[in-house]
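Number of protein chains: 2
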Amino acid sequence: MSRTEIKDYGEFGLIHHLTKNIELQNASSILGVGDDAAVIDHFGKQTVITTDMLIEGVHFDLSYTPLKHLGYKSVIVNLSDIYAMNATPTQLLLSIGISSRFSVEAIEEFYEGVYAACEEHGVDLIGGDTSSSQKGFIISITAIGEATPEQIVKRSTAQKGDLICCSGDLGAAYIGLLFLEREKKIYLESPGVQPDLENEAYVIGRLLKPSARKDIHELLEEKKVIPTSMMDISDGLSSELLHICESSGVGCVIYEEKLPISEDSRNAAYKFEIDPTACALSGGEDYELLFTIKQDDYEKLTLIEKISVIGYITEAEEGAKIKTKGGNTYNITAQGWNAFKEG
Amino acid sequence: MSRTEIKDYGEFGLIHHLTKNIELQNASSILGVGDDAAVIDHFGKQTVITTDMLIEGVHFDLSYTPLKHLGYKSVIVNLSDIYAMNATPTQLLLSIGISSRFSVEAIEEFYEGVYAACEEHGVDLIGGDTSSSQKGFIISITAIGEATPEQIVKRSTAQKGDLICCSGDLGAAYIGLLFLEREKKIYLESPGVQPDLENEAYVIGRLLKPSARKDIHELLEEKKVIPTSMMDISDGLSSELLHICESSGVGCVIYEEKLPISEDSRNAAYKFEIDPTACALSGGEDYELLFTIKQDDYEKLTLIEKISVIGYITEAEEGAKIKTKGGNTYNITAQGWNAFKEG
Numbered sequence: 001m002s003r004t005e006i007k008d009y010g011e012f013g014l015i016h017h018l019t020k021n022i023e024l025q026n027a028s029s030i031l032g033v034g035d036d037a038a039v040i041d042h043f044g045k046q047t048v049i050t051t052d053m054l055i056e057g058v059h060f061d062l063s064y065t066p067l068k069h070l071g072y073k074s075v076i077v078n079l080s081d082i083y084a085m086n087a088t089p090t091q092l093l094l095s096i097g098i099s100s101r102f103s104v105e106a107i108e109e110f111y112e113g114v115y116a117a118c119e120e121h122g123v124d125l126i127g128g129d130t131s132s133s134q135k136g137f138i139i140s141i142t143a144i145g146e147a148t149p150e151q152i153v154k155r156s157t158a159q160k161g162d163l164i165c166c167s168g169d170l171g172a173a174y175i176g177l178l179f180l181e182r183e184k185k186i187y188l189e190s191p192g193v194q195p196d197l198e199n200e201a202y203v204i205g206r207l208l209k210p211s212a213r214k215d216i217h218e219l220l221e222e223k224k225v226i227p228t229s230m231m232d233i234s235d236g237l238s239s240e241l242l243h244i245c246e247s248s249g250v251g252c253v254i255y256e257e258k259l260p261i262s263e264d265s266r267n268a269a270y271k272f273e274i275d276p277t278a279c280a281l282s283g284g285e286d287y288e289l290l291f292t293i294k295q296d297d298y299e300k301l302t303l304i305e306k307i308s309v310i311g312y313i314t315e316a317e318e319g320a321k322i323k324t325k326g327g328n329t330y331n332i333t334a335q336g337w338n339a340f341k342e343g
Numbered sequence: 001m002s003r004t005e006i007k008d009y010g011e012f013g014l015i016h017h018l019t020k021n022i023e024l025q026n027a028s029s030i031l032g033v034g035d036d037a038a039v040i041d042h043f044g045k046q047t048v049i050t051t052d053m054l055i056e057g058v059h060f061d062l063s064y065t066p067l068k069h070l071g072y073k074s075v076i077v078n079l080s081d082i083y084a085m086n087a088t089p090t091q092l093l094l095s096i097g098i099s100s101r102f103s104v105e106a107i108e109e110f111y112e113g114v115y116a117a118c119e120e121h122g123v124d125l126i127g128g129d130t131s132s133s134q135k136g137f138i139i140s141i142t143a144i145g146e147a148t149p150e151q152i153v154k155r156s157t158a159q160k161g162d163l164i165c166c167s168g169d170l171g172a173a174y175i176g177l178l179f180l181e182r183e184k185k186i187y188l189e190s191p192g193v194q195p196d197l198e199n200e201a202y203v204i205g206r207l208l209k210p211s212a213r214k215d216i217h218e219l220l221e222e223k224k225v226i227p228t229s230m231m232d233i234s235d236g237l238s239s240e241l242l243h244i245c246e247s248s249g250v251g252c253v254i255y256e257e258k259l260p261i262s263e264d265s266r267n268a269a270y271k272f273e274i275d276p277t278a279c280a281l282s283g284g285e286d287y288e289l290l291f292t293i294k295q296d297d298y299e300k301l302t303l304i305e306k307i308s309v310i311g312y313i314t315e316a317e318e319g320a321k322i323k324t325k326g327g328n329t330y331n332i333t334a335q336g337w338n339a340f341k342e343g
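The listed protein sequences correspond, in order, to chains U and L. The opening residue of the first sequence carries number 1 in the numbering used here; numbering runs sequentially from there. The opening residue of the second sequence carries number 1 in the numbering used here; numbering runs sequentially from there.
Some hints here could point you the wrong way.
Chain U is nowhere near these chain L residues, computed Cβ spacing over 10 Å in every case [unchecked claim]: (1) Arg3; (2) Ala37; (3) Pro66; (4) Gly122; (5) Ile144; (6) Lys160; (7) Val193; (8) Asp196; (9) Glu221; (10) Asp232.
Chain U stretches covered by chain L per the calculated footprint, using a threshold of three residues with CB under 8 Å from any CB of chain L [what the hints assert, rightly or not]: (11) 37 to 44; (12) 88 to 97; (13) 147 to 159.
Cross-link-like lysine-lysine pairs, in silico, DSS-like; alpha carbons within 30 Å at most [claimed, not checked]: (14) L:Lys20 x U:Lys160; (15) U:Lys160 x U:Lys20; (16) U:Lys68 x L:Lys135; (17) L:Lys20 x L:Lys214; (18) U:Lys20 x L:Lys160; (19) L:Lys223 x L:Lys209; (20) U:Lys160 x U:Lys68; (21) U:Lys321 x L:Lys7; (22) L:Lys45 x U:Lys214; (23) U:Lys7 x L:Lys321; (24) L:Lys184 x U:Lys135; (25) U:Lys135 x U:Lys68; (26) L:Lys321 x L:Lys45; (27) U:Lys135 x L:Lys306; (28) U:Lys45 x L:Lys45; (29) L:Lys68 x L:Lys214; (30) L:Lys321 x U:Lys135; (31) L:Lys214 x U:Lys45.
No lab work stands behind these hints: they were computed from the structure. The beta-carbon is built from N, C-alpha and C at its ideal position, and this holds for glycine as well.
Go ahead and model the full structure; you've got the sequences and the hints to work with.
Set out below in structure tokens:
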């Protein structure tokens, strides 16, 4: 593969090269890349906006993350936040900082993933910034969405008696990470050894190519269910549940046996001799939706396989609890990834 | 001064600590920090949005940049882009990546500058991301503004015969940078020597604490002048003029003698034996507004000291030219800062 140096393009040349084929898809995208700022018109809807920064060596490891997957995932983690507000993502701004270690071809690969995610979710890339970094790859994305004021769902509005629901399954991304970290270690010690990841496609795929739950967002709309509170699961179920309880001023009970964990995840967890429930509670990076609904809405969602009811909301004084399969009750504690603990 | 480690707070604790006193000022700021995303309602106006990434060692040097100034400037460079669209800035999202080299107190200083700029411009901080970095300080800001569709001014709409205007004065920030780089070199070679910057307050101030031209934006509105094209000067006048000419499909003539250069800048440039005109054309980081107006609007702005008319728009075939004091005509070429050239 040929290698083109970034300096051969220059900043403006590179931006043009990477964005020249963009065709704006949303009526609300009035003006895209190429001016001081982009212009959006949400025609009476409210604008929902979120931003995330991803730094090489902290949030991703390029030794086992293909650049195309990284581009895809960088977009997905932001869109997930938009869906978590019960809004529809419409636009994206992408800034990258890159060292001279990266060729134009490498950045193109990254952008391929970005564009794939944008296309899948009907989102327009409308702006950004490209700069050099002294070390490593830095990504900052701002995602924008729209919703009517009535549609928007916050974290702070769960009420006693509401049912706690969760999409998809939990814990897989964390187990995928354990595998990749183990293989990296083996590779560094004995570069000749072939990685043994054949049976772990599911958990590794969940880490490297997560989904943002557009389908759940659309399903809720179709079923005319507006959750009473919602957020996405990026730091682990425990941490997110505590966020909802704290901002809503409520407590909760969840049931271990109700936690959605895939067979692949269970089998993979046992290989590491770790508890699949612990992975589901504290693993993080699942990008599933955690939401609460009124009991009256239960029947509208009950037959839908990709949504699990895992517990219910209680009064604040009752705390946040998990009832185990063995019949014990424990307090839920946040042990999600905390980048600063390694600090 | 005491030093609190970031890990003592944790990510959520730190965000809460830094944002707990925010009081939203704009009616359009529906929901701020603390959920998956922020919510904005521009009540029928269009949303203008821009983003910038600033990386330690590439865009700023902490050996001579106080953190409070850095916070202030990081906001200003983004607001400048909003004013350059002839829009009013309303909200801001701020993401930072910080290594354990920084204490909570250091980050607080940075935020002081951020809040000072927000207050000055009536802007709400409504979201962001805080993460650890392996090395150095990384800042990514997204600024949001609003305008009616008729108010918004692009780069691509300058027309033959329009007058080219520029706010404030040019070149000072670049000369300020030369002084600070020189003093840094002297300091590194002989740490005992006191810096000799006494007479250079103006040019250094222009680098470390630039303004975003809210006043010019308001003045244009007051005088009912809507520029035919506009952008802010971040990479140097030459580079920006070429952007306007290229996107508008026009040419231009500017006059060296009309370029606004302060006496302080001239004197400072002579100390480095460099041409003040070259600094004005290629220096960058002035964050002044460059705009074109219809000839009919000339009288409305003519007596305003902070706006200079520096030339006029021609047909594309005539190219982009500068007429020197000596009577020569040269092509304008972009020699603005290009971070990738150093690669």
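Structure-based check of each hint:
1. Here Arg3 (chain L) stays apart from chain U, with its beta-carbon at least about 13 Å from theirs, past the 10 Å limit.
2. Distance to chain U contradicts Ala37 (chain L) as a non-interface residue, since its nearest Cβ pair spans about 4 Å, not more than 10 Å.
3. With a least beta-carbon separation of about 21 Å from chain U, Pro66 (chain L) lies farther than 10 Å from that chain, consistent with its non-interface assignment.
4. Listed as a non-interface residue, Gly122 (chain L) keeps its Cβ farther than 10 Å from every Cβ of chain U; the least gap is roughly 17 Å.
5. Against the 10 Å criterion, Ile144 (chain L) falls within the reach of chain U, whose nearest CB is about 7 Å from its own CB.
6. In this structure Lys160 (chain L) is separated from chain U by more than 10 Å, as the shortest Cβ-Cβ distance comes to about 21 Å.
7. Residue-level check passed: Val193 (chain L) sits 27 Å from the nearest beta carbon of chain U, beyond 10 Å.
8. For Asp196 (chain L), the condition that its CB be more than 10 Å from all CB atoms of chain U holds, with the nearest at approximately 29 Å.
9. Every CB of chain U is more than 10 Å from the CB of Glu221 (chain L) (nearest about 17 Å), matching its label as outside the interface.
10. Not every beta carbon of chain U lies more than 10 Å from that of Asp232 (chain L), the smallest distance being close to 6 Å; the non-interface claim is violated.
11. Chain L is given as covering the segment 37 to 44 of chain U, and this holds because 7 residues of the stretch bring a CB closer than 8 Å to a CB of that chain, at least three being needed.
12. Counting residues of the segment 88 to 97 of chain U whose beta carbon lies closer than 8 Å to any beta carbon of chain L gives 5, which reaches the threshold of three, so the coverage claim holds.
13. For the segment 147 to 159 of chain U, the stated coverage by chain L holds: 5 residues have a C-beta nearer than 8 Å to a C-beta of that chain, and at least 3 were required.
14. This hinted pair checks out: Lys20 (chain L) and Lys160 (chain U) have alpha carbons roughly 27 Å apart, not beyond 30 Å.
15. As the CA atoms of Lys160 (chain U) and Lys20 (chain U) are separated by approximately 51 Å, the hinted pair breaks the 30 Å bound.
16. Distance hint between Lys68 (chain U) and Lys135 (chain L) is fulfilled; the C-alpha atoms sit about 24 Å from each other, no more than 30 Å.
17. About 27 Å separates the Cα atoms of Lys20 (chain L) and Lys214 (chain L), which keeps this hinted pair within 30 Å; it holds.
18. Restraint check: the Cα-Cα separation between Lys20 (chain U) and Lys160 (chain L) comes to about 27 Å, which is no more than 30 Å; the hinted pair holds.
19. Between the alpha carbons of Lys223 (chain L) and Lys209 (chain L) the distance comes to roughly 28 Å, so the proposed pair stays at or under 30 Å and holds.
20. Annotation: proposed proximity of Lys160 (chain U) to Lys68 (chain U) is violated, straight-line Cα distance about 43 Å (limit 30 Å).
21. Distance restraint check for Lys321 (chain U) and Lys7 (chain L): the Cα-Cα separation of roughly 27 Å lies within the 30 Å cut-off, and the hinted pair is therefore satisfied.
22. Of the pairs offered as hints, the one joining Lys45 (chain L) and Lys214 (chain U) holds, with about 28 Å between alpha carbons and a cut-off of 30 Å not exceeded.
23. Taken as a hint, the Lys7 (chain U) and Lys321 (chain L) pair is honoured in the structure, with Cα atoms around 27 Å apart against an allowance of 30 Å.
24. A hinted pair counts as satisfied when its Cα atoms are at most 30 Å apart, and Lys184 (chain L) with Lys135 (chain U) qualifies at roughly 22 Å.
25. Among the hinted pairs, Lys135 (chain U) with Lys68 (chain U) is consistent with the structure: their alpha-carbon atoms are about 20 Å apart, no more than 30 Å.
26. With a C-alpha separation of about 38 Å, the suggested pair Lys321 (chain L) and Lys45 (chain L) falls outside the 30 Å cut-off, and the hint is violated.
27. For a cut-off of 30 Å, the pair hint linking Lys135 (chain U) to Lys306 (chain L) is broken: about 41 Å separates their Cα positions.
28. A distance of roughly 11 Å separates the Cα atoms of Lys45 (chain U) and Lys45 (chain L); the hinted pair therefore holds under the 30 Å criterion.
29. With a C-alpha separation of about 21 Å, the suggested pairing of Lys68 (chain L) with Lys214 (chain L) holds against the 30 Å cut-off.
30. The straight-line distance between the Cα atoms of Lys321 (chain L) and Lys135 (chain U) is roughly 39 Å, outside the 30 Å bound, and the hint therefore fails.
31. With a C-alpha separation of about 28 Å, the suggested pair Lys214 (chain L) and Lys45 (chain U) falls inside the 30 Å cut-off, and the hint holds.
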